[in-house]
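Student: Chain residues, written in single-letter form:
Number of protein chains: 4
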Amino acid sequence: MNSIPDNDSFILRLSCKDSIGLVSEVARFLSDRRLFITESANFGDPATGLFFYRVKFIPESNAFSRSNFSSEFEPVAKKWGMDWELRDAKVKPNVVILVSKGDHCLNDLLYRHRTGALNINISAIISNHLTCGWLAERHDVPYYHVPVNKDNKPQAEERMLDVIEDVKADLVVLARYMQVLSDDMCRKLEGRCINIHHSFLPSFKGAKPYHQAFDRGVKLVGATAHYVTPDLDEGPIISQAVEPADHRLTAEDMAALGRDTEARVLARAVKLHTEGRIFSNQNKTVVFG
Amino acid sequence: MNSIPDNDSFILRLSCKDSIGLVSEVARFLSDRRLFITESANFGDPATGLFFYRVKFIPESNAFSRSNFSSEFEPVAKKWGMDWELRDAKVKPNVVILVSKGDHCLNDLLYRHRTGALNINISAIISNHLTCGWLAERHDVPYYHVPVNKDNKPQAEERMLDVIEDVKADLVVLARYMQVLSDDMCRKLEGRCINIHHSFLPSFKGAKPYHQAFDRGVKLVGATAHYVTPDLDEGPIISQAVEPADHRLTAEDMAALGRDTEARVLARAVKLHTEGRIFSNQNKTVVFG
Amino acid sequence: MNSIPDNDSFILRLSCKDSIGLVSEVARFLSDRRLFITESANFGDPATGLFFYRVKFIPESNAFSRSNFSSEFEPVAKKWGMDWELRDAKVKPNVVILVSKGDHCLNDLLYRHRTGALNINISAIISNHLTCGWLAERHDVPYYHVPVNKDNKPQAEERMLDVIEDVKADLVVLARYMQVLSDDMCRKLEGRCINIHHSFLPSFKGAKPYHQAFDRGVKLVGATAHYVTPDLDEGPIISQAVEPADHRLTAEDMAALGRDTEARVLARAVKLHTEGRIFSNQNKTVVFG
Amino acid sequence: MNSIPDNDSFILRLSCKDSIGLVSEVARFLSDRRLFITESANFGDPATGLFFYRVKFIPESNAFSRSNFSSEFEPVAKKWGMDWELRDAKVKPNVVILVSKGDHCLNDLLYRHRTGALNINISAIISNHLTCGWLAERHDVPYYHVPVNKDNKPQAEERMLDVIEDVKADLVVLARYMQVLSDDMCRKLEGRCINIHHSFLPSFKGAKPYHQAFDRGVKLVGATAHYVTPDLDEGPIISQAVEPADHRLTAEDMAALGRDTEARVLARAVKLHTEGRIFSNQNKTVVFG
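Residue numbers (our numbering), protein chains in the order written: chain A, 1 to 289; chain B, 1 to 289; chain C, 1 to 289; chain D, 1 to 289.
There may be inaccurate statements among the hints.
Since the list can't tell identical chains apart, any single copy or any two copies may satisfy a pair.
Straight-line C-alpha distance at most 25 Å; calculated SDA-like pairs for lysine to any residue [claimed, not checked]: (1) Lys-153 to Arg-34; (2) Lys-101 to Arg-114; (3) Lys-101 to His-139; (4) Lys-17 to Gly-206; (5) Lys-90 to Ile-20; (6) Lys-208 to Gln-282; (7) Lys-17 to Met-178; (8) Lys-79 to Arg-33; (9) Lys-17 to Trp-84; (10) Lys-17 to Ala-251; (11) Lys-271 to Thr-261; (12) Lys-205 to Met-178; (13) Lys-208 to Val-163; (14) Lys-168 to Asp-183; (15) Lys-101 to Leu-135; (16) Lys-17 to Asp-32; (17) Lys-101 to Thr-115; (18) Lys-271 to Leu-257; (19) Lys-205 to Asn-62; (20) Lys-150 to Lys-208; (21) Lys-101 to Arg-112; (22) Lys-153 to Arg-138; (23) Lys-90 to Ser-19; (24) Lys-17 to Ser-61; (25) Lys-208 to Trp-84; (26) Lys-79 to Gly-21; (27) Lys-150 to Asp-162.
Since the hints were made in silico from the structure, they are not lab data.
All chains, full assembly: derive it from the sequences and hints.
Tutor: Pasting the structure below:
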């Protein structure tokens, strides 16, 4: 038996108050409709009392209808108070990437997109600089140059939000975008905006983390992908990684060393999010890796 | 809500041919009996067509009876052709440790046992040397000195098997036991005997792996915990880890460097096995970590 | 040719203002006296303008005299303004370990000491509790029970310093010693007192770092060995490591997971220090690993 | 004092029989000529009796002449029987990349070349397929399409060697080039041809290593960069890394997972080689990282 193509799969995601019988009811719902579970993960958090469930299934029959499923599942969801969604795995999420001058994360995302390692549409690239325009062009992605300065920030964000809305973005990725988003914009993108911070958070929040790391003399440098919230660098953490450092490295060396880590950690977070593997759990994440 | 003590938990483990409705039926069986699932993991292997399920639950009522559960579950198991078992999480598995002279893995297991990191009974230590006797004594574990030579191997193994049987061992751990077990003994312990091999298998099978690693000039040295089978160092792999090495290390340095890794990898495998997290899947393992 | 026993080796450590000709002069000094270099490392820090040099050598002749070396090297050292010392590698440094109730780091250090992985004398164990007394006894190390409370802190520290002085401690190790040392005691032990902090500093300074890590939802938990200074958890970092964590771990699970990391990181720092591989470089370390 | 630009640096590399006075003589040679050492590393291998030395220096004066240095150093080198070379750090090594269809390593090398992370010229890309031509074009690197089949292998290799000679290649990189080179070609490129093998050698030599890894059920998958010799996958190892794997991964998943590791390991090996940090030591490498 070969590996089953995602094209035929659907993903059901739900969360609600934890309780006996949840898995049973959902699993029965699926098996009664001859929907074959190929992957499932669940977690009941004793700290918050919440339950999270992600299940991927393939309908035995070609006649499967998403809207039928939804109308039948709605009463179940209501009974348990579920937040839920059903995704068609063959529909690629729309992603908008924001970037400033440093292009290592952007390049990495474009490459993984091209090879299919990331199953997404890159719908637009927005930048406050012209630097990365050629990369966008080579990959045939629309590039929006939206300069930001003290005076035009609200208008600039307005314009970015227009683009994000126009392409129906499922996810906005800050791939080394060096402007702080306004509280308002953060709130509008809550739960669908991922930033890569170039340190092992909560160490070295804010500006120039590699210089902070150099000054502190740490022996590992890291990167953190997290959801963006109005609290700068305080949003729920998705993924982190570190690399060894030592006394021979300047702050610039650390930055160079960290670029690979940043790109990998961000790509991992984008993959997890767009595959529906992440749930928000108050100020944390549940990640079914 | 605090973390639930294991004392109240039970673990259901099962495997069978994969099919629609398995999770549903088991989950319903549990919820119908008001058994609260606190942890569950399953995997359907497309390569072998087998399905593996481990679920941990807490009965809502104190009146839960293991034998009632078993007689009620038996028809379900029969219907699907399941291999299955129900474990009481508060019953500690009996472990017998075999060791030769090098005591780093033994010391580590004894320490983790003492602190409760490993929830096991260490029922006996068997060695072909007297070297580790003092450690056994300090931890109040019976120590059986069973010398092995060309002439007495069958008798020596007989004696070891007697001890293993007497203490009703659920697991036998070769914690740097430097004798090759006979095919017969391997078969008698199949599925419940774990060895630590001091290389990243399948590299450097057989004797003196660190010397082999030194001769080959590898840049990482590793350790592998695996189930013992009659094929030397070919049994299903449970856990592996590596450490960086470089040209400055002698074979002896590599051996010293590797000791920590060996101890950690072996302890991890013992923990996974005794918590019922490992399934055999032909010549491989499914590990619900 | 076999690996050369440390017994015949000497270690020269020096630091001074960086300048052309330093390596040349020291290397010539050694070769003129037929002292065979078996290991050397140096680093000139462009940020501080300081130069650090560690060289290990074996005299060709048995007639080597440390005091002759010293009187001959002194003019060289003076000329360049060196801080320097010559160590006989066969003389084991004296180490005093401070511990409270958690014994995983202590047990690890005692084990490595016993097997020779750490080439040190453990001269004394001091604790504010009786809990670890049995471990000290088993390893035949004097155990000093020095309870600390609000009222007796100065006297308690006095008593500890007496022990440290009596045994001529080259290094004091805080192996999960849960009392904050006074500024005065920190200063008295400056450069020869290593603490293990159970987080990836500078994240989660102060008390209960695993609970802080849990609350923040980090995806890696770590440990940091650093020199103790009057600024709590701010001293020069020696070594750090991390382990992956996820949403399933409670704060207690994280603490359990972190214990191995703490023990390894601390043992590594003790090894580096007692082999003379660490130099202080303002608020950082230079580590010749 | 800022970090010193490489443009002003020179690198002296040498190896010879180990002996007292080597470091001293070389260091004196440099300091007598007012050449400021900014980085140095040496290693005497007790197993082979060989000594390796790499030293990077900056002349105090602008009048430094490489040919003067050489004629003055030659007698020293002769006296000790040194293999040696002097490199001007601002001269970028010429690199030729061979690739088949999989472009992840090629893309990574091109990206690092563009950003300056690899200080090299990519002089040519040679492929037995047309697949990667567009990448070459985008980065303005000449692309040679040299198909290989049973009948034309000698001619094809002839043509490739012509290109390699024409561009005066200092290094040939097999960036997932899926043809086995002839013994003759291996010998012609000895010491300057690096291959990336997609397994943790010596495990899984030869074809389809991820399938071999899948069949064996390993829990880590790896990659190895090594010098090419006529013995397939047996050349001196330069760099290795691994990533965790588990039962859920198909062979294809492992291959996808491994791509990042391959690209990183190969880029690291190319960087080490082109910075003159690797010495051959019989069938192993000495790497000054």
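Student: Each of the hints needs a verdict: does it hold here or not?
Tutor: Status of each hint after checking the structure:
1. Lys-153 to Arg-34: neither (53 Å within a copy, 55 Å between copies)
2. Lys-101 to Arg-114: Result: close both inside a copy and across copies, 21 Å intra and 14 Å inter.
3. Lys-101 to His-139: This pair counts as both: shortest intra-copy Cα distance 17 Å, inter-copy 19 Å.
4. Lys-17 to Gly-206: neither (35 Å within a copy, 34 Å between copies)
5. Lys-90 to Ile-20: Result: close only across copies, 22 Å inter versus 33 Å intra.
6. Lys-208 to Gln-282: between (28 Å within a copy, 21 Å between copies)
7. Lys-17 to Met-178: neither (38 Å within a copy, 39 Å between copies)
8. Lys-79 to Arg-33: both (19 Å within a copy, 20 Å between copies)
9. Lys-17 to Trp-84: within (13 Å within a copy, 30 Å between copies)
10. Lys-17 to Ala-251: For Lys-17 and Ala-251, the Cα distance is within 25 Å only across copies (22 Å; inside one copy 47 Å).
11. Lys-271 to Thr-261: Both: 15 Å inside a chain and 17 Å across chains, each within 25 Å.
12. Lys-205 to Met-178: Within one copy, since 13 Å is at most 25 Å while 28 Å is not.
13. Lys-208 to Val-163: Intra 29 Å, inter 45 Å, cutoff 25 Å: neither.
14. Lys-168 to Asp-183: Classified as within; 21 Å inside a copy, 57 Å across copies.
15. Lys-101 to Leu-135: Classified as both; 12 Å inside a copy, 22 Å across copies.
16. Lys-17 to Asp-32: Classified as both: same-chain Cα gap 24 Å, cross-chain 19 Å, threshold 25 Å.
17. Lys-101 to Thr-115: both (24 Å within a copy, 12 Å between copies)
18. Lys-271 to Leu-257: both (23 Å within a copy, 13 Å between copies)
19. Lys-205 to Asn-62: The answer is neither: 51 Å in one copy and 43 Å across copies each exceed 25 Å.
20. Lys-150 to Lys-208: within (20 Å within a copy, 41 Å between copies)
21. Lys-101 to Arg-112: So Lys-101 and Arg-112 pass the 25 Å test inside a copy (20 Å) and across (16 Å) alike.
22. Lys-153 to Arg-138: neither (29 Å within a copy, 35 Å between copies)
23. Lys-90 to Ser-19: between (32 Å within a copy, 23 Å between copies)
24. Lys-17 to Ser-61: For Lys-17 and Ser-61, the Cα distance is within 25 Å only across copies (21 Å; inside one copy 32 Å).
25. Lys-208 to Trp-84: neither (39 Å within a copy, 36 Å between copies)
26. Lys-79 to Gly-21: Both: 12 Å inside a copy, 22 Å across copies.
27. Lys-150 to Asp-162: The answer is within: 20 Å in one copy meets 25 Å, while 58 Å across copies does not.
Hints 1, 4, 7, 13, 19, 22, 25 from the list above are not met by this structure, while the remaining hints are.
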